[in-house]
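Put the complex together from the two separate chains, hints included.
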Amino acid sequence: MNSSQLDTKTADTRVGLFVSCIVDVLYPKVGLATTKLLAEQGVEVVFPENQTCCGQPAFNAGHQKDSFALATNFLNTFAPMLEQGEISSIVVPSGSCAAMVKHSYAALIEKNYTPSLAQKYAMVAENIYELSEYLVDILKIEISPPDQPQKNVTYHPCCHLLRDLKIDRQPRLLLKNYTNENLRSLPEDETCCGFGGLFSLWNEEISVEMGLRKARNLKECGAELVVVNDAGCMTHLNGILIKEGHSCRAIHIAELLAENGTD
Amino acid sequence: MPINIDAPYKPRIREALADLSVRKAVDRAMGQLAERREKAVDAIDNKSMRNEAREIREQAIRDLPVLLTELETNLIRNGCDVHWARTGGEANRILNTIAQNHGVRTAIKSKSMVTEEIHLNDSLEEIGVKVVETDLGEYIIQLAEEPPSHIVAPVVHKGVKDISELFQEELGMEPTMDPAIMCDTARKELRKHFLVADMGISGCNFAIAETGTLCIITNEGNGRMVSSLPPVYVVVAGIEKVVPRVEDAILLWQAATRNATGQDASVYFSMTSGPKKDDHADGPTEIHVILVDNGRTKVMEKGYADALMCIRCGACMDVCPVYREIGGHAYGRTAYPGPIGSILTPLMNENIDIGKDLPFASSLCGACRDACPVKIDLPRLLLELRNDLSEEKIVDPLQNLLVRSFTQILKHPKCYLVGTKVAGLVSKLSGGASQTFSKLPSPFNRWTKSRVLQKPSPHTFRKIWKESQKNPQASKHSPLETPSTTGAHQSDQDIHQ
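Listed in order, the protein sequences are those of chains A and B. Here this note's numbering is used: the first residue of the first sequence is 1, the next is one more, and so on. Here this note's numbering is used: the first residue of the second sequence is 1, the next is one more, and so on.
Keep in mind that the hints were calculated from the coordinates and are not lab data. Errors might be hidden in some of the hints.
[Stated by the list, open to error] Derived EDC-like pairs (lysine to aspartate or glutamate); straight-line CA-CA distance at most 16 Å:
1) A:K65 x B:E392
2) B:K414 x A:E49
3) B:K47 x B:D388
4) B:K302 x B:E189
5) B:K39 x B:D370
6) B:K449 x A:E204
7) B:K130 x B:E189
8) A:K65 x B:E384
9) A:K111 x B:D388
[Claimed, not checked] Beta-carbon label-pair distances, calculated as ranges:
10) A:R172 x B:I394: 39 to 47 Å
11) B:S21 x A:P48: 49 to 57 Å
12) B:K192 x A:K219: 28 to 36 Å
13) B:K39 x A:L212: 26 to 34 Å
14) A:E220 x B:H280: 53 to 61 Å
15) B:N445 x A:E44: 50 to 58 Å
16) B:P413 x A:R172: 15 to 23 Å
17) B:E170 x A:K176: 19 to 27 Å
Since we're looking at a predicted model, the values are computed, not measured. Just so it is clear, CB atoms sit at the ideal spot from N, CA and C, and this is done for glycine as well.
For reference, chain B alone in the conformation it holds in the complex (with noise of 0.2 Å):
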């Protein structure tokens, strides 16, 4: 049972965390893809590659407009439309326009992030065009009418028994839990439609400017039937997947699928550079592709231009602590879960509501920052980010009290010193021989639901220092071997107990 991914953040959170069959399939898989990932990169000079896709990737962003006008010249040159749209609104109402002029009845997709980022899916059925997905994974979501819940294996959440029930009631398929049948029955249906489609859509992995060339990886061939099957092809990119040349791209290719799968190349890499001409077989007799900025300059302008070179490779999700527990609907109504997309949702999406809290829902272990293959410092980035929304007022009113409280005392030495001795007070007349509460009032209650607290010691280890240093038997190099007045030793005893 999916979790109710538009619920509040907590709401949401706890009911992640007690759907077990998810947490059970999501555990496996980012296991197995973690895993994948160490054996790949670990067969190569990692550190080498991440240098280079970075240098990459930074020059990419840094010569930004240069390189898309170098990309749309030679995009229309290769016989390409090129269109502009500024938000996700005006991507679809392109495409839209587009289906109508080529009285477009089915679509089939291969899998694309920025179009879940901008729900084209829901604008074209709108107008009535059938739209097929052509991803397994995401073709099985889209069967059970659910959003993606990792950027890589869409379906990461759901077990084989899961899907195979959906196969049976959807697809009339015969109770089996053979994953070959399985992908069998979706080859058959899928087929059916790729052979009646009238339009092919995809996203973009890169967009080379030198030769305007889109490249998409796939592993089950699905993009390169979507990319020259349908006589109209749509490629929807974010303005931030140029590269400036081939050698670019072959090497982010490299990095993007040994980071995302444990491949040391995807079973397919398609490469278009224009429609079909009149000596080619097959291919599409147009194409058109609509770059995308759907918020991405506006990242750039505050400051986060660094998250924009991520390659959706999903390395950060696979190794991150906290997506492992919570999954990505987790996240809520983002086409972007985990480390990389704590940062952009917040970023890019026009309702801060949805992603305000995703900053914060991590304990900023740096597991993504070791794997991005981009080298993304994302932890840092998610401290930038918690101090923009504080300092706009967007974070719930009591963490922002009760930090900046501790903070004041923590500022002045002789505020801290009566902290300190509030604080051993506080211990002592708890009362009890236990060293740890078991019991707070709120907020600290949500410690001690499902932990208990070290005590605050009686004597701060300052005191029993100054204390020390009065007494005229410690010697000079060991200052604190005598017990008499401190209490050093009657100190918490403790968690050995």
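One chain only, chain A, in its complex shape (with noise of 0.2 Å):
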């Protein structure tokens, strides 16, 4: 059973949901169980509709000036609904995208400043949360071990959450409860999967040698389910462990706590 302790005192009970492109479009069910957990500690979810892509992928691959045009199409969506009270915080189902928001759009509104779009890049930095960042530290959620037996589960810490974000502890915590303290410990799981967005196709062999990698470590520690939290690592490891003929499963953390955890 789940209980939750808002705090009542910034009655932080309104979020924008940003889902990023890639849940859009191919992994809707996180953006359901995103909702699903925040819906459940009585958080209300806005989904704002003008929301398209971060701007990472262009940001990466060399292209500042189409990346800044999705930057600007990002702070103009969720910035007023910050600045009007609409919403208190912005929740991210992804580490990448919440980076990339936080410390990339710094770089871009540098070479294009405005001091109106500074301010609402500072804004949205200040308010804007990766999901088990938001889970854990705003909403203290508590999990318990879902009924049934489980899987034997294992955590790979994206890159991007763990080193950008510094966002480490939190998913650990959130795990460490929903496995009744039997998380499996993966050897190098700190090392990258190899996704790194565009790289998985400009230096695809590169790219798959890590992965193999990362399944090999899989399977070493006999984990039938992988947790993530970002969906470009989830789709890069699926990709192999499918091909390769593995059973275990990258699974994102939303989709992990939310349908077994709480009601």
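Pasting the structure below:
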């Protein structure tokens, strides 16, 4: 049974959801699971329809001008909602998107500075949260192990979440509770899985070799499920695991917690 | 069998990935180096050391002209000859002249990446000078006629067996896998050259401006031999090697050794402030310092001064998951592989073809940034380089086209909606029960060669959301519990099959 302890001082009950383009198109159930997890804690979820992509693929490919256009759309979508008190936070079920907005937008704004945009960015950067961060640090969610027997679960920390946002304690805490302290330890867990966005296409051979290494490590630890916070890593890992005939599958943390947890 | 280091990028990467014995050696070596490094930095207040080291290097690069002038003044005052070389070619010409003036027949070298960068050995050999590398790793690759594959441990790409076979062939060593015997063989061989050398050449880890002192880090004592036995000693130093004070050099020495090899201190730290004085028992009678630019000011002018803070510890490549798979030779004909090399090579090398693919050869995981003792934000610099290369149209046109098309679709919410509808349609039409694609046309076949790809969902999240908003039964706080019209629960069932 889950309970929630909302910080009533802030009355943080309305958040803007940024699902990310990859969740929107490939994994709507991650978006649904995210919404469910938040709604169960009494949070009202708002989905501004003007959202598209945070601009990370363009930025990482070296097209900062195009990325800036997408960043502008993001800021113009969410900043007014924050400014007008329509929402108190933005929640993103993606470490890399949250990192893009929080950190890389600064580089874009620097090159295309206007005071209004800078202000929007400041507002957004201060109030954007990756999902596990929001669940643990703001909602102080309590997760109990599900009733039915579980598969062996391990955790792969996605690089942008781990190193750019320094979010690691939060997903691990959620999983520690979910697995009743039976979270499997993954060898070389902090080594990149090899997705790297478009790197997975332009340098597909290296990307695959890195993924195969991760698959070997997953096999070694005997996990049946590997939890991730990024749909990109999930796509790459499952792509390899399925092709190589492994039984382990990557699952997004939102899905794992939502499908079994709550009511 | 070493890969063809001059092959174009993609064939080179494929060749490197196919060489399992090199991959095994590199994997083992990087694992060890990364582990030793971690122990050494965990034993101290690494946060403070990184901040101090960064401050020193920031000051050095910021005040470069002033410090270089101070360095030159003090070197000359100490009795050294100072030469300035704008290019590698100029540096080599200066060195050749010095060698010819002294009738040099044999030169012994301590390991130096800048001399690799400017192809100094080739230049000396062209005028008939025998050049002998005295660092064991460099000596081995010299015998094997290969370039180094790592900036600290040049021979990580070879296993003990490879080296044993090499020594048997080149030095007539008995067949053995005993490292002690192999080292002793090399030592005896190198001794012969130490004793007859007319010139010693080294690089420079730190050039101390306030005292006119040149510092080199070695573990084998060869640095001491090179800098004190022959009558002429030449130091080749990149201009970015200057540091303001003695204590700066000492701190950076700590940072370098802990991060490079996991040592508290290297076995030798040689500090040379001038040639032999009358009351000295030994030392060179002449010291020449060649300060080399070779693209370094260009790096600063282009806005990448951060990259010049590098103290050449190699930590970035030790923790790099890409380097670990492909090894150093895959980065091409450059003295600098790995993350720092992926920045310096395209910036400094005259021939852009040599380095233009390197900034893209990274998943941007950030392990290098976390490891760097002087806190260089390597992923940030790689991203900036990608942007510069795209703007200068040096990138693969197909890559460009794909990204730009994708972005145009994403930019406009209406286009985005159409795009998602198309994606959903493709998914429906591709048929079959599978939720994944196993085969796709170019360029997406790059994905499906070795991976399956999740198919777009028949309904996007936003469509499901919109439908649920219309549904009057949907509660305010649980908008998506009603499955009937939305098909939400029918969507990709998935990857758990």
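For each hint, the structure was consulted:
1. A hinted pair counts as satisfied when its Cα atoms are at most 16 Å apart, and K65 (chain A) with E392 (chain B) qualifies at roughly 13 Å.
2. For a cut-off of 16 Å, the pair hint linking K414 (chain B) to E49 (chain A) stands: about 11 Å separates their Cα positions.
3. Straight-line distance between C-alpha atoms of K47 (chain B) and D388 (chain B) comes to about 32 Å, which puts the hinted pair past the 16 Å bound.
4. Using a Cα cut-off of 16 Å, the hinted pair K302 (chain B) and E189 (chain B) is violated, with the two alpha carbons roughly 46 Å apart.
5. Proposed proximity of K39 (chain B) and D370 (chain B) is supported: the alpha carbons are some 15 Å apart, at most 16 Å.
6. With a C-alpha separation of about 9 Å, the suggested pairing of K449 (chain B) with E204 (chain A) holds against the 16 Å cut-off.
7. Between K130 (chain B) and E189 (chain B), the direct Cα distance comes to roughly 14 Å. Compliance with the 16 Å bound is thereby established for this hinted pair.
8. A threshold of 16 Å between alpha carbons decides the hint, and for K65 (chain A) with E384 (chain B) the separation of about 12 Å falls inside it, so the pair holds.
9. With a C-alpha separation of about 13 Å, the suggested pair K111 (chain A) and D388 (chain B) falls inside the 16 Å cut-off, and the hint holds.
10. As the Cβ distance of R172 (chain A) to I394 (chain B) is approximately 42 Å, the hint placing it in 39 to 47 Å holds.
11. A beta carbon spacing of about 55 Å between S21 (chain B) and P48 (chain A) agrees with the range 49 to 57 Å that was offered as a hint.
12. A C-beta distance of roughly 52 Å is found between K192 (chain B) and K219 (chain A), which places it outside the suggested range of 28 to 36 Å.
13. Taken as a hint, the range 26 to 34 Å holds for the pair K39 (chain B) and L212 (chain A), whose Cβ atoms sit roughly 28 Å apart.
14. Here the CB-CB span from E220 (chain A) to H280 (chain B) is close to 59 Å, well matched to the stated 53 to 61 Å.
15. Hint check: N445 (chain B) to E44 (chain A), Cβ distance near 44 Å, so the stated range 50 to 58 Å is violated.
16. In this structure, P413 (chain B) and R172 (chain A) break the distance hint of 15 to 23 Å, their C-beta atoms being roughly 37 Å apart.
17. For E170 (chain B) paired with K176 (chain A), a C-beta distance near 57 Å fails the hint of 19 to 27 Å.
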